[in-house]
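Just so we're aligned: the sequence shown equals residues 3 to 650 in our numbering.
No lab work stands behind these hints: they were computed from the structure.
This structure is a prediction, so every number in the text was calculated from the model and none was measured.
Derived SDA-like pairs: lysine to any residue, alpha-carbon spacing no greater than 25 Å straight-line:
no.	residue 1	residue 2
1	388	491
2	64	83
3	204	361
4	641	578
5	341	268
6	341	259
7	64	389
8	64	490
9	204	338
10	255	435
11	388	528
12	64	23
13	64	43
14	255	303
15	204	218
16	64	202
17	582	476
18	641	623
19	255	338
20	641	568
21	64	28
22	491	381
23	582	608
24	204	369
25	341	331
26	582	568
27	255	421
28	255	267
29	341	262
30	255	199
31	582	511
32	582	507
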Amino acid sequence: MSPSEREARLNHLTQVAEQPLHRALGLTDGEADRIRELLGRDPNHFELAVFSVLWSEHCGYKHSAPLLRRLPSSGERVLQGPGENAGVLDLGDGLAVAFKVESHNHPSAVEPFQGAATGVGGILRDIVAMGARPIALLDGLWFGAPGHDFDRAVAGIGHYGNCVGVPTVGGQTVWDEAYGGNCLVNAMCVGLLDAHRLQTAKAHGPGNVVVLFGATTGRDGIGGASVLASQELGEDDPDKRPSVQVGDPFTGKKLIEVSVELVESGLVESLQDCGAAGLASALSEMASDGAGIDVHLDRVPQRESGMDPWEIMISESQERMVAIVRPQMLDALHALCAKWELESAAIGEVTDGGVLRALYDGTVVGDIPARFLTDDCPRYEVEQRKPDTWVAPAPKARRQRADVAGVYEQYDQLVGSRTVRRPGLDAAVLRLRPSLRGLAVSLQGPRPGEADPFAAGVQAVLGAARNVACTGGEPIGLTDCLNFGNPEKAEIGYELARAIEGISQAAEALGVPVVSGNVSLYNETDGRPIPPTPVVGCVGLVQDVRLVPAGWQRGDVVLLATVPEESIAAEVSLIRFLRKAAPLLTLCHDVGSGGIEAALAESTRWSGREADVQLPAEPEAGAAILACAPETVARLGSKGFVQIGEVR
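Kindly produce the complete structure, drawing on both the sequences and the hints.
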């Protein structure tokens, strides 16, 4: 470190030390006043630390919660909508699917391998907390260019998913200069559960025991929710490395097995992931419906000596879960954890009165009504101002076409023996054994360089649904990850609101609910925001996996299906046509942002056979490449497609 760098570093630390504690923790002066008003007294340092992480944007959704109410979230299949760790839909036959997409952008920008790896670990635990067994992962990667950071993020995803034994079956990769200073790493997980064993995170039953099981607790990840995920990035990024969690996928695998067995054997009353903000978040959310919790922090198994109570409370050490257990089931839980060589400890008990009380060596170190941390989190109506001019879309010259095959070949795609369609063409398909039904799953963002936030939201929904429809799947549920810049800027507030409106209108037109999701804000580096990047995951139901199009054959005709006009209604009609037509086709492939020529090249590579095609004009809206035997064309109807070639 040069003398000038050392001096700048010391000046920065001096400025942090000189500001009031609440500001150093990321709280505003108004929020500090609000805390004193709620408590009727000054908070102590422990309580202030807890408020700072729970009232961070990452945990509290201060700027986005009012806008998110616009999203449609109800439907006849919905067993659990927004508000829990993941959304859950009824698949029939006593089976349900839990799914969610979540971001790990800032940690991945600071330390790509661990940031991406722990993003996978976190989304796995969200699914496990619903009582589901994870069966598939998808990843969305937006980077400035291929290179070291991108390669390390891919390696982190592959390392965690491959070690934990869950296949990575799809996603999206985009290289664009706009993400050069602030990459996006979005992870989606899908899991299956008995529809009658849906698990919730809410604590109940005074006298029940609070148990922490999994990895031991250390100082890694402290401040991840507030210091790292709820602020813009800048020149001090290396200083934030201690806020990035460190993952251990082998412990994660054991955690999955123990959690699933605990639910299936009826040993737990509720289950909660211990992720962002650590025990502070997990326990406050568990106590948010009126039950209270007393937690004895000195009983938490630790891997570092000398940890202060506030460090134990807000540590984001990975691979930990919290369970509420009836006293008579406690020994059985400990025995199960011991069988899998996992630490487990009774660290507290459920009380009545709704208070989260933390103790250390018998002394109360924090006493906060849980609703103050959750329900009473500040809510800000974001200022909205449409930019005078849209930022020009990125020229194709600066957007390199991602080598998708080079990414997903690093992932185990088949572990679990459910994968019917591997990644590489639209949605992946997983079999719902022992039936012939399947789940089609996709993850999609807007066209690279899209500046109109409403259009970006619409494109993400329709693109994800089109991918599912191309397998013959009926879209039944959506999850979204909203990646935007600083919401305190009126232009970003406008982008966020308009993107949510676009997602909502597209979802309503499809008749499909948005049942889970995540908001990632402050994606800016040195004041430069990323483009509006809403990412949407879609889950669809395939009635017979044997009819999923596998690849065009010699003598097939090649067709192009397009929408007659650029409108949401027309796009939805195309999606419904593709879903019904797919079982009759040998190939059905969405035309993505690369255009028709790229889609044909992907179809050729997938099928292992070339076609003679007369390239038509590029469609202005949704389109798909179809292939089928000549005698099948008449069964597709007479509208919405044209013949453009023949397979050799």
